[in-house]
Amino acid sequence: QQQVKQSPQSLIVQKGGISIINCAYENTAFDYFPWYQQFPGKGPALLIAIRPDVSEKKEGRFTISFNKSAKQFSLHIMDSQPGDSATYFCAASPPNNNDMRFGAGTRLTVKP
Amino acid sequence: SQTIHQWPATLVQPVGSPLSLECTVEGTSNPNLYWYRQAAGRGLQLLFYSVGIGQISSEVPQNLSASRPQDRQFILSSKKLLLSDSGFYLCAWTRQGGDGYTFGSGTRLTVV
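Protein sequence lines, in the order shown, are assigned to chains A and B. So the first sequence is numbered by this note's numbering: it starts at 464 and just counts up by one. So the second sequence is numbered by this note's numbering: it starts at 112 and just counts up by one.
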């Protein structure tokens with residue numbers, strides 16, 4: 464059962480542009496919302512994460528915006544670079560952390 | 112520091128043959144362990160998770176099984192592989208009550 468919906472499925476951005484990926488969740492018990500970055504042939508790596516007590520978290524060029532009332536969160540990549548080209552997954556998990564649900568993934572291509 | 116090892120990196124197996132993929136975690140104790148499968152260009156499907164030795168929870172009934180013979184060892188097995196078992200298999204771990212998952216480097220399984 465899909466509890467985290469991610470869009471778009473693919474995204475093409477010019478170098479220097481802003482990449483925006485959106486996710487929506489259903490389970491109000493979720494309290495941890497990470498984003499993972501995956502390069503071809505590699506396992507996903509934790510990129511940035513947020514808890515619902517804040518509305519935004521920024522780490523370098525990566526920012527998560529969180530809207531608890533709308534049950535939505537998004538990843539913004541500022542000044543996108545070709546090296547950011549990868550598949551990005553959003554996820555959400557409840558407090559016990561045994562049941563993390565992943566979005567379907569977004570394939571980002573940053574053109575030079 | 113904690114590390115996760117997963118092997119082999121690639122595997123080509125004939126239909127009907129057995130399978131054994133191994134995952135080990137170092138530098139921690141009593142981790143939660145997970146097996147995911149990722150079809151080409153698709154999202155992450157949770158197959159099994161374990162919160163302790165001998166404790167296995169299955170998410171999807173299928174041709175696969177998992178075992179946890181030791182605290183930091185997680186094994187994915189099949190008695191007879193099907194073509195549909197092809198995919199990218201990922202092991203992951205997290206601390207009990209922890210946050211983000213750490214993924215292994217994955218095993219690319221091709222059933223021919």
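Source of the hints: derived by calculation from the structure; they are not laboratory data. Note that the Cβ used here is the ideal one computed from N, Cα and C, for glycine as well. Please note that the accuracy of each hint is not assured.
[To be verified] Which residues of chain B face chain A? A few of them, derived with a C-beta cut under 7 angstroms, are: (1) Gly154; (2) Leu158; (3) Gly198; (4) Phe214.
Cross-check of the supplied hints:
1. Gly154: 4 angstroms, holds
2. Leu158: Leucine 158(B) check fails; min Cβ-Cβ to chain A is 13 angstroms, beyond 7 angstroms.
3. Gly198: 13 angstroms, violated
4. Phe214: 3 angstroms, holds
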